[in-house]
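Engineer: Let's have the full structure, built from the sequences with the hints guiding it.
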Amino acid sequence: DSGVTQTPKHLITATGQRVTLRCSPRSGDLSVYWYQQSLDQGLQFLIQYYNGEERAKGNILERFSAQQFPDLHSELNLSSLELGDSALYFCASSVGGADEQYFGPGTRLTVT
Amino acid sequence: AQSVTQPDIHITVSEGASLELRCNYSYGATPYLFWYVQSPGQGLQLLLKYFSGDTLVQGIKGFEAEFKRSQSSFNLRKPSVHWSDAAEYFCAVGDGNQFYFGTGTSLTVIP
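Taken in sequence, the protein lines are chains X and Z.
Counting from 1, position 80 in the first sequence corresponds to residue 92 in my numbering; the numbering is continuous, with no gaps.
Counting from 1, position 47 in the second sequence corresponds to residue 394 in my numbering; the numbering is continuous, with no gaps.
Hint data in this document are derived by calculation from the structure and do not stem from the laboratory.
Heads up, a few of these hints could be off.
[To be verified] In silico contact screen, one side only, chain Z against chain X (beta carbon under 8 Å); selected entries: (1) F381; (2) G390; (3) L393; (4) K396; (5) F437; (6) G441; (7) G443; (8) N444; (9) Q445; (10) F446; (11) F448; (12) T450.
[As the list claims (entries may be wrong)] Below, a list of computed lysine to aspartate or glutamate pairs in the EDC-like style, where the Cα atoms sit at most 20 Å apart: (13) K396(Z) x D41(X); (14) K396(Z) x D432(Z); (15) K396(Z) x E112(X); (16) K408(Z) x E362(Z); (17) K408(Z) x E367(Z); (18) K408(Z) x D13(X); (19) K69(X) x E87(X); (20) K408(Z) x D432(Z); (21) K415(Z) x D401(Z); (22) K396(Z) x D13(X); (23) K396(Z) x D111(X); (24) K415(Z) x D442(Z); (25) K396(Z) x E411(Z); (26) K415(Z) x D355(Z); (27) K69(X) x D111(X); (28) K69(X) x D442(Z); (29) K396(Z) x E435(Z); (30) K408(Z) x E435(Z); (31) K408(Z) x E112(X).
[What the hints assert, rightly or not] Cβ pair distances, simulated, as ranges: (32) G15(X) x S361(Z): 31 to 39 Å; (33) S373(Z) x T124(X): 35 to 43 Å; (34) P354(Z) x P82(X): 40 to 48 Å; (35) S399(Z) x D83(X): 28 to 36 Å; (36) E87(X) x S361(Z): 42 to 50 Å.
For every residue, glycine included, the Cβ atom is placed at its ideal position computed from N, Cα and C.
Structural biologist: Dropping the structure here:
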């Protein structure tokens with residue numbers, strides 16, 4: 013158990029819909045990262061937050077957004093969902109920006 | 348830009364045999380280097396990390412990795428593989444802001 017929690021574990025929704033994925037970092041970690049893992053694209057970095065502020069952006073689509081709240085939990089919002097958005101979405105946390113990341117168990121999103 | 352290459356998409360070894368998974372990186376300065384393991388349906392678990400100092404680092408589950416600056420490599424090794432080591436292995440490099448992951452190497456262990 014990494015100490016990072018993600019909810020929900022599974023999510024099935026239809027194209028065009030919007031979903032919110034939630035992540036709680038390990039106690040004491042200030043950085044939260046979001047990743048997308050699919051069979052054809054591998055593990056893709058989406059976005060990083062540090063202590064409530066956006067720190068780095070990766071291959072995140074404009075239809076996706078994230079935020080980190082004062083209690084340091086983070087949410088990833090995915091809108092106008094397409095079939096290709098079906099993937100595992102991982103959250104990770106670290107103490108700072110350069111430290112090792114600890115991954116949550118992931119949310120499996122299926123878009124039908 | 349930083350990048351990580353894992354040249355072996357899939358490796359098969361016999362139980363008890365030694366293992367080496369290759370990782371090459373592209374980074375201007377001394378990188379932070381990591382190896383993660385992912386079992387089916389699970390999240391990624393940190394095996395080991397290199398920040399500085401001794402270039403041979405020990406990790407969990409009997410794994411070790413060696414940082415070779417001249418070859419821009421950080422290969423993962425294990426002297427004797429167990430069936431439970433079958434998983435996907437990811438190398439990553441950190442630059443202080445982002446992590447860059449390799450595409451992973453899938454390890455199959457034959458009894």
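Engineer: It remains to establish, for every hint, whether it holds in the given structure.
Structural biologist: Do the hints match the structure? See the list:
| no. | hint | verdict |
| --- | --- | --- |
| 1 | F381 | 6 Å, holds |
| 2 | G390 | 4 Å, holds |
| 3 | L393 | 5 Å, holds |
| 4 | K396 | 5 Å, holds |
| 5 | F437 | 7 Å, holds |
| 6 | G441 | 6 Å, holds |
| 7 | G443 | 4 Å, holds |
| 8 | N444 | 5 Å, holds |
| 9 | Q445 | 5 Å, holds |
| 10 | F446 | 6 Å, holds |
| 11 | F448 | 5 Å, holds |
| 12 | T450 | 5 Å, holds |
| 13 | K396(Z) x D41(X) | 18 Å, holds |
| 14 | K396(Z) x D432(Z) | 18 Å, holds |
| 15 | K396(Z) x E112(X) | 7 Å, holds |
| 16 | K408(Z) x E362(Z) | 15 Å, holds |
| 17 | K408(Z) x E367(Z) | 14 Å, holds |
| 18 | K408(Z) x D13(X) | 16 Å, holds |
| 19 | K69(X) x E87(X) | 15 Å, holds |
| 20 | K408(Z) x D432(Z) | 9 Å, holds |
| 21 | K415(Z) x D401(Z) | 11 Å, holds |
| 22 | K396(Z) x D13(X) | 19 Å, holds |
| 23 | K396(Z) x D111(X) | 9 Å, holds |
| 24 | K415(Z) x D442(Z) | 17 Å, holds |
| 25 | K396(Z) x E411(Z) | 10 Å, holds |
| 26 | K415(Z) x D355(Z) | 18 Å, holds |
| 27 | K69(X) x D111(X) | 17 Å, holds |
| 28 | K69(X) x D442(Z) | 14 Å, holds |
| 29 | K396(Z) x E435(Z) | 17 Å, holds |
| 30 | K408(Z) x E435(Z) | 15 Å, holds |
| 31 | K408(Z) x E112(X) | 17 Å, holds |
| 32 | G15(X) x S361(Z): 31 to 39 Å | 35 Å, holds |
| 33 | S373(Z) x T124(X): 35 to 43 Å | 39 Å, holds |
| 34 | P354(Z) x P82(X): 40 to 48 Å | 44 Å, holds |
| 35 | S399(Z) x D83(X): 28 to 36 Å | 33 Å, holds |
| 36 | E87(X) x S361(Z): 42 to 50 Å | 45 Å, holds |
Hint compliance for this structure: every hint is met.
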